[in-house]
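Number of protein chains: 2
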Amino acid sequence: MASNAPIGVFDSGVGGLTVVREIMRQIPNETIVYFGDTARVPYGSKSKETVTTYSRQIIKFLQTQEVKAIVIACNTASAFALETVKDEIDIPIIGVVKPGAKVAAETTQNGKIGIIATEGTISSGIYNELITKINPELKVYGKACPLFVPLVEEGLIDDPITLEMASRYIKELQEYDIDTLVLGCTHYPLLRHTIQKVVGDKVNLINPAFETAVRLRELLLQKNIESNTLETNHKFYVSDGAEKFKTFANTILPCDVATTKDVNIEQYK
Amino acid sequence: MASNAPIGVFDSGVGGLTVVREIMRQIPNETIVYFGDTARVPYGSKSKETVTTYSRQIIKFLQTQEVKAIVIACNTASAFALETVKDEIDIPIIGVVKPGAKVAAETTQNGKIGIIATEGTISSGIYNELITKINPELKVYGKACPLFVPLVEEGLIDDPITLEMASRYIKELQEYDIDTLVLGCTHYPLLRHTIQKVVGDKVNLINPAFETAVRLRELLLQKNIESNTLETNHKFYVSDGAEKFKTFANTILPCDVATTKDVNIEQYK
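These protein sequence lines are chains P and Z, in that order.
In terms of our numbering, the first sequence opens at residue 2 and continues consecutively.
In terms of our numbering, the second sequence opens at residue 2 and continues consecutively.
Only true hints are included.
Remember, identical chains collapse to one label, so a pair may be satisfied in a single copy or spanning two.
SDA-like cross-link-like pairs, simulated, lysine to any residue; straight-line CA separation at most 20 angstroms: (1) K172 - I162; (2) K113 - L206; (3) K172 - E155; (4) K236 - N30; (5) K61 - D91; (6) K61 - Q268; (7) K49 - K245; (8) K172 - K198; (9) K203 - A106; (10) K61 - N265; (11) K236 - A6; (12) K247 - S124; (13) K49 - K247; (14) K245 - G126; (15) K247 - E120; (16) K245 - S124; (17) K61 - E84; (18) K245 - E120; (19) K245 - T53; (20) K49 - D263; (21) K245 - P147; (22) K49 - E267; (23) K262 - E50; (24) K61 - E267.
The hints are simulated quantities; they were obtained by calculation from the structure and are not laboratory data.
Whenever a hint applies, use it, and build me the whole structure from the sequences.
Structure follows, in structure tokens:
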């Protein structure tokens with residue numbers, strides 16, 4: 002695989018752009034091919050089987066773009082599909098959960114870690130599994146926050162309603178005296194300010210996106226497939242609503258998203 | 002087509018059950034085959050092309066169940082897909098928008114009608130089109146309420162957060178002095194109590210589900226295909242999460258939903 006080939010990144014919708022943003026900051030030489038499954042968003046309330054089927058279709062599409070590596074920039078798909086799909090392809094693939102679990106385990110001082118994520122990610126128990134594999138002494142408490150994604154998509158980023166929902170969701174975790182809170186859905190870093198207000202300054206917020214970009218960089222070095230060009234030509238694909246996606250992407254990314262294309266994702270199987 | 006054949010009813014998810022409830026009340030002899038597209042819910046933020054493709058797949062599935070008629074129990078799919086798909090099949094098919102528009106036009110006293118619905122239904126302009134076709138003097142004001150569906154699905158039916166969101170969404174319509182408000186999404190009748198609190202007793206709330214069941218009954222009589230059996234064996238299918246759907250269905254329907262089956266809907270084309 003050519004070193005200057007692009008990196009495929011996918012998510013159920015726009016949330017994965019917070020991961021793309023970190024990759025662009027940390028490894029600006031790399032070209033991104035992004036796919037957002039906006040026709041079938043959200044993934045967080047869907048079953049493992051459905052999310053795995055959808056992830057498999059997207060990987061097939063990304064392979065037509067000749068990507069050299071894939072990042073699953075969605076916690077639910079990382080939780081449900083990564084272990085299955087990684088054995089089906091011959092290029093490196095990473096998710097966002099393992100990097101997030103690692104940095105949470107390294108950050109906590111009192112050994113009590115909270116996870117906020119979608120229903121799917123929480124019910125999978127994957128953060129608990131990976132964190133206690135690093136250190137069995139650590140305690141992990143999860144809470145599903147199904148309204149956070151629609152609140153972000155409605156643009157209620159810094160709003161009393163979002164603050165009230167965040168207080169309700171996080172109250173239970175605060176009773177466990179957590180000192181570290183993982184933003185376990187790629188939409189949630191967009192609510193960082195509101196969430197920090199609820200938990201106070203003493204709780205560390207973990208954004209797996211940062212650590213995922215670190216891990217990706219290590220992987221490219223390891224496999225000796227870092228890009229050596231300065232000309233990046235990022236591409237953005239979605240399964241529905243290309244124009245709407247472009248507008249949102251331009252508010253998140255440091256580069257100009259000039260075009261976004263629609264893909265009929267169901268044809269990839 | 003046999004008169005005792007079932008009626009196919011579909012929606013993006015659980016909302017269409019409010020229509021099924023009305024059909025069961027008004028024409029209890031009819032057997033229902035319901036399909037909820039829970040893997041790809043919500044439809045309200047998706048494009049016309051995507052919603053039409055999905056509707057076509059579901060109609061193909063319902064036809065394998067040998068239905069004698071189809072009800073599109075989803076405003077977005079009625080708005081986007083009905084006109085296209087009705088020419089592709091040889092059984093009667095109706096949506097929820099036309100019945101809702103008719104009763105709204107008949108109900109208003111001051112000629113000012115508000116519509117609350119998904120982004121898709123509002124942007125289609127279909128309620129405006131159908132209501133002014135009945136009476137060009139009527140004024141129609143639409144407002145998309147994207148958070149209502151997730152709020153219902155989170156169970157925040159009678160909650161201060163839902164009341165606050167309803168106040169914000171409906172405020173604009175109140176400034177137009179509407180006396181009639183159409184609940185233009187099949188989820189919204191579940192928020193009827195909260196919405197009535199916001200608009201006050203002087204505004205009539207229109208639930209298209211009731212009028213849709215009336216229209217269906219007329220249609221069956223007209224075509225002479227009413228069922229004459231008392232044995233109904235309703236069937237419920239979804240594209241994901243059959244167990245979760247069953248629990249929700251049992252809180253809405255007057256009959257016991259004993260089993261719900263998963264269908265791989267993408268294979269119908």
